[in-house]
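J.: So the chains spell out like this:
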Amino acid sequence: MARENVTHTYVRPIRRILTGLLLLLLAGIFLLWRIDSPRVEQFRARLTDKVVPSFEWALAPVAAFANMIEGYQSYQKLYRQNQELRRELQQMKAWKEAALQLEQKNAKLLDLNKVRLDPKLTHVTGVVLADSGSPFRQSVLVNVGARDGIQDGWATMDGIGLVGRISGVGDRTARVILLTDSNSRIPVSIQPSGQRAILAGDNSPAPPLEFLEKPELVRPGDSVISSGDGGVFPAGLLVGRVAQGTDGRLRVRLAADYERLEYLRVLRSRPVEPITMPGMLLAPAPLPAPAPTPENPDTSPPGTAEEDAGEGRDG
Amino acid sequence: MVDFALTRIWLFRLLFAAICGTIIFFQLLPLKTAPGGWPAPDLLQAFTCAWVLRRPDYVPIVLIAAIMLLADMLFLRPPGLQAALMVAAAEFLRQRIHMTRDLPFGVEWALVATVLTGVALGQRLILLLLLVERPPLSLFLMQLLATILAYPLVVFVSRHIFGIRPAARGKVDTLGHRP
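Protein chains in written order, with the working numbering: chain D, 1 to 315; chain S, 1 to 179.
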């Protein structure tokens, strides 16, 4: 008993010191994060990169199983669902026909105009490994990373609409900040009025539009696409449709299916060439204008001038 | 006998780490990627409090710190903040074990609710002072409430599935004070 009392008196101060040291260490980490956030965030990305893929083997089957249970619950409404699907299929067939015709028409028009699509706008497809695990952050982790050439800031889509942007790249994983996250701000434009706005995530399923110049020109149902302002995002990606929230604010119903994010496309985008001077919009002349020859001064210059102008418009 | 007791303690420490790992794993599963709805309770906090109040020797302070720091890192929280507060809270609860031992469960529940509220408020206050962006207050309070409501369930699971009961008074001196 006496011996135990002795250990007891030793144990308590040691425990105090240990606790104090731990608290200091943790507070130090927090302060370091506050002071030098990028470095700690890099460390976080690397840690996530180590930890999450190590249980990738378990993530997929468990998630699939959970989805199956969810699906099983919906079997109760199977009949009604079937009817609905049949009706939708009918509508879809009509749409498919329209889409095929439009596609052909579009291809013909593109051909007529000699439009060349940007060959660098290709994508890498990744599987969603994990989400943020916290109700306050809306982000997912995909299984492509720096080794696949992913870079911070690239846009991410599911099959249909914009989902978010890459923020935090590890070697094998990358984090996608979803449009619904409260840190997400995306420049968008609203069609057909052409109004520019910022889509600001606020942890709700339908993020609001901010900085609209003329809200009266925007109606619920208008389509919202990314505008490419600021050079961060490629322009013209479908984001969703305008809807009026219960609080009267204009919000965007996102086109991407946020309930089921399984495969995401990361669009490879390249930095837009900066335009610093007004003259930079035109392509520079390939050669200095040849000095007019004294014999026939008015045969060659008009032709070259036209060619130059044509090239300038193409580029 | 001593060896058996030591092995048992280490086994239960491992079990605690495994439970926390499972909780983290399930929170990371991309089951709910759309926002909205009721936030899930922070089961890591609830399990830590429940185990500290029952068998403090099974949850050494270093283990709590390590698990909470890992959770901070993986769940995109400010790293170290919640971990530090939880270490302090666990130490606070550890010193009050003898108070809750003979009292009804309601008292323990109230104590844990107070401590968890303290952790949450402390976290918000520090973030406010250091001008860090804070999660929306309503969601934050909803999660705190969910955690407090989940606490009895966590205690029930700990007691009847993992067999974590407060050690009888006589036993504490042989097991509880082992460093």
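Don't read these hints as lab results, they were simulated from the structure.
Fair warning: there could be bad hints in the mix.
Said to hold, decoys possible - No farther apart than 27 angstroms at their CA atoms in a straight line, the calculated lysine-lysine pairs in the DSS-like style are these:
| hint | chain 1 | residue 1 | chain 2 | residue 2 |
| --- | --- | --- | --- | --- |
| 1 | D | Lys108 | D | Lys93 |
| 2 | D | Lys93 | D | Lys105 |
| 3 | D | Lys93 | D | Lys77 |
| 4 | D | Lys108 | D | Lys96 |
| 5 | S | Lys32 | D | Lys50 |
| 6 | D | Lys77 | S | Lys32 |
Unchecked claim - Where chain S lies over chain D, by a calculated footprint (3+ residues, C-beta under 8 angstroms):
| hint | stretch |
| --- | --- |
| 7 | 14-24 |
| 8 | 126-135 |
To be verified - Here are a few chain S residues that sit away from chain D, every Cβ distance over 10 angstroms (derived from the structure):
| hint | residue |
| --- | --- |
| 9 | Leu15 |
| 10 | Phe25 |
| 11 | Gly36 |
| 12 | Pro152 |
Quick caveat: nothing in here was measured; it's all calculated off a predicted structure.
C-beta: ideal position from N, C-alpha, C; glycine also.
J.: So, for every hint listed, does it hold in this structure?
T.: Going through the hints against the structure:
1. For the hint linking Lys108 (chain D) to Lys93 (chain D), the alpha-carbon distance of about 23 angstroms falls within 27 angstroms, and the restraint holds.
2. Taking the CA atoms of Lys93 (chain D) and Lys105 (chain D), the gap is near 18 angstroms; set against the 27 angstroms cutoff, the hint holds.
3. Note on Lys93 (chain D) and Lys77 (chain D): the hinted pairing holds, with a Cα-Cα distance of about 24 angstroms set against a maximum of 27 angstroms.
4. Between Lys108 (chain D) and Lys96 (chain D) the alpha-carbon distance is near 18 angstroms, which keeps this suggested pair within the 27 angstroms criterion.
5. For the given pair, Lys32 (chain S) sits about 23 angstroms from Lys50 (chain D) by alpha-carbon distance, which is consistent with the 27 angstroms threshold.
6. Proximity of Lys77 (chain D) to Lys32 (chain S) is assessed by CA-CA distance (about 22 angstroms); at most 27 angstroms being required, the pair is judged to hold.
7. Coverage of a stretch by a chain is defined here by at least three residues with a beta carbon nearer than 8 angstroms to that chain's beta carbons; for the stretch 14-24 of chain D and chain S the count is 6, and the condition holds.
8. Check result for the stretch 126-135 of chain D against chain S: holds, 8 residues qualifying (beta carbon to beta carbon below 8 angstroms, three or more required).
9. At roughly 18 angstroms from the closest C-beta of chain D, the C-beta of Leu15 (chain S) stays outside 10 angstroms, upholding its exclusion from the interface.
10. Residue placement check: Phe25 (chain S) does not keep its beta carbon more than 10 angstroms from all beta carbons of chain D (closest about 6 angstroms).
11. Not every beta carbon of chain D lies more than 10 angstroms from that of Gly36 (chain S), the smallest distance being close to 5 angstroms; the non-interface claim is violated.
12. Every CB of chain D is more than 10 angstroms from the CB of Pro152 (chain S) (nearest about 21 angstroms), matching its label as outside the interface.
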